[in-house]
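Asker: Below, each chain spelled out in residue letters.
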Amino acid sequence: MKPKFGVVVFPGSNCDHDAYYALKKIIGAEVTFLWHKEKELQNSDVIILPGGFSYGDYLRSGAIARFSPIMNSVYEFAEKGGTVIGICNGFQILLEAGLLPGVMIRNKSLQFVCKDIYLKVENKETVFTRNIEPSKILKVPVAHGDGNYFADEETLNSLIRNNQIVFKYTSANGETEEEFNPNGSTMNIAGIINKNGNVLGMMPHPERACDPVLGKTDGKLVFDSLLNSFLN
Amino acid sequence: MYKVKVLVKRRPSILDPQGKAVEKGAFHLGLTNIKDTRIGKYIEFMVDTGDKAAAEKEVNDYCYKLLANPIMEDYEFTLEPADSEGGN
Chain A
1 MKPKFGVVVF PGSNCDHDAY YALKKIIGAE VTFLWHKEKE LQNSDVIILP GGFSYGDYLR
61 SGAIARFSPI MNSVYEFAEK GGTVIGICNG FQILLEAGLL PGVMIRNKSL QFVCKDIYLK
121 VENKETVFTR NIEPSKILKV PVAHGDGNYF ADEETLNSLI RNNQIVFKYT SANGETEEEF
181 NPNGSTMNIA GIINKNGNVL GMMPHPERAC DPVLGKTDGK LVFDSLLNSF LN
Chain B
1001 MYKVKVLVKR RPSILDPQGK AVEKGAFHLG LTNIKDTRIG KYIEFMVDTG DKAAAEKEVN
1061 DYCYKLLANP IMEDYEFTLE PADSEGGN
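Chains as they are written, first to last, in our numbering: chain A, 1 to 232; chain B, 1001 to 1088.
If you're looking for bench data, these hints aren't it; they were derived computationally from the structure. Glycine is no exception: its CB is placed at the ideal position from the N, C-alpha and C atoms. Just so you know, not all the hints are guaranteed correct.
[As the list claims (entries may be wrong)] One-sided excerpt, in silico: chain A residues whose CB lies under 10 Å from chain B: (1) Leu41; (2) Gln42; (3) Gly56; (4) Arg60; (5) Ile64; (6) Leu95; (7) Gly102; (8) Lys108; (9) Ile132; (10) Asp152; (11) Leu156; (12) Ile160.
[Claimed, not checked] In silico EDC-like links for lysine to aspartate or glutamate, alpha-carbon gap of 20 Å or less: (13) B/Lys1065 - A/Glu76; (14) A/Lys4 - A/Asp57; (15) A/Lys2 - A/Asp152; (16) B/Lys1009 - A/Glu76; (17) B/Lys1041 - A/Glu178; (18) B/Lys1065 - A/Glu179; (19) B/Lys1020 - A/Glu178; (20) A/Lys108 - B/Glu1073; (21) A/Lys108 - B/Asp1061; (22) B/Lys1009 - A/Asp57; (23) A/Lys136 - A/Asp224; (24) A/Lys195 - A/Asp57; (25) A/Lys108 - B/Glu1023.
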């Protein structure tokens, strides 16, 4: 079965069209926009919470978006095992909504970071990563001010124990030193999944690394993995 | 009617990069004794009810579910009858 993607549009989302474009034109999937005030997920099989600055990032990034009407449906969908990806601001929303553990704080440098970074796949057994070759280091851009992932020790231990850390920031050669971490996140964490493995949050933007015209296509591997998971 | 003043503070165990950076400014000002700068939020609003217990419950919900993120922040608030201030 070919999955249908639903891209949620919050006031202030600005990567919604990037996600739509990558999925429709590059991946060749069926995609629809889902306005945040609606409740219907329109039979989507995968929900994308895109990047941006929902509600102007007021109070805390993602804090207000989680109360949008559509989020109740997304919450129910995720609890029933539905596939959800939160990218950048979408990741922050998933944390605020409690669908993923931990919080995001301001980048250690206090600077907004916008550049290509390298990612190592820590868990290759997820529906989001199973198409990625074992030794592959992904080159994907980040663009955020609050990407400094933080969680208490108990939460971190549980993430490690349950293999929930999916992506870590590394060098082009896969070294996970602090200097390759763009935001100061704990343990170089760039992306995590929930215990059930159906909800992924990641700060880097795979949708911005799909079209060859942009000079990098590693982000496509995430969507290809998903597509394959549904097809098999 | 009650007037509410909320203070949201980052837990001591949570890093505060903003506080650290601001403190560097203090150092450049020559204020060498400034230590442990932590930046929080101050929020004020009114609660339109005469029932104090109901007002407190609503404020608590507001703080716990939205104004503060309990994973990284603590909050405290004061609640005062607004009409006692009187006049304009």
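Asker: Next, verify each hint and record whether it holds.
Answerer: Here is what the structure says about each hint:
1. Leu41: violated, 24 Å
2. Gln42: With a minimum Cβ separation of about 28 Å from chain B (threshold 10 Å), the hint on A/Gln42 is violated.
3. Gly56: At about 15 Å, which exceeds the 10 Å cut-off, the nearest Cβ of chain B leaves the hint on A/Gly56 violated.
4. Arg60: holds, 6 Å
5. Ile64: holds, 8 Å
6. Leu95: holds, 8 Å
7. Gly102: holds, 7 Å
8. Lys108: With a minimum Cβ separation of about 5 Å from chain B (threshold 10 Å), the hint on A/Lys108 holds.
9. Ile132: violated, 30 Å
10. Asp152: OK, holds: A/Asp152 within 10 Å of chain B, min 7 Å.
11. Leu156: violated, 13 Å
12. Ile160: Nearest chain B Cβ about 18 Å off; hint violated.
13. B/Lys1065 - A/Glu76: Since the Cα atoms of B/Lys1065 and A/Glu76 sit roughly 18 Å apart, the hinted pair holds (cutoff 20 Å).
14. A/Lys4 - A/Asp57: The hint is violated at about 29 Å.
15. A/Lys2 - A/Asp152: Cα-Cα ~39 Å, so violated.
16. B/Lys1009 - A/Glu76: Cα-Cα ~31 Å, so violated.
17. B/Lys1041 - A/Glu178: violated, 30 Å
18. B/Lys1065 - A/Glu179: Cα-Cα ~36 Å, so violated.
19. B/Lys1020 - A/Glu178: holds, 19 Å
20. A/Lys108 - B/Glu1073: holds, 18 Å
21. A/Lys108 - B/Asp1061: violated, 31 Å
22. B/Lys1009 - A/Asp57: holds, 18 Å
23. A/Lys136 - A/Asp224: Within the cut-off at roughly 15 Å; holds.
24. A/Lys195 - A/Asp57: It is violated: about 27 Å lies between the C-alpha atoms, which goes past 20 Å.
25. A/Lys108 - B/Glu1023: Roughly 14 Å between the alpha carbons, so the hint for A/Lys108 and B/Glu1023 holds.
The structure does not agree with the numbered hints 1, 2, 3, 9, 11, 12, 14, 15, 16, 17, 18, 21 and 24 stated previously, though it agrees with the rest.
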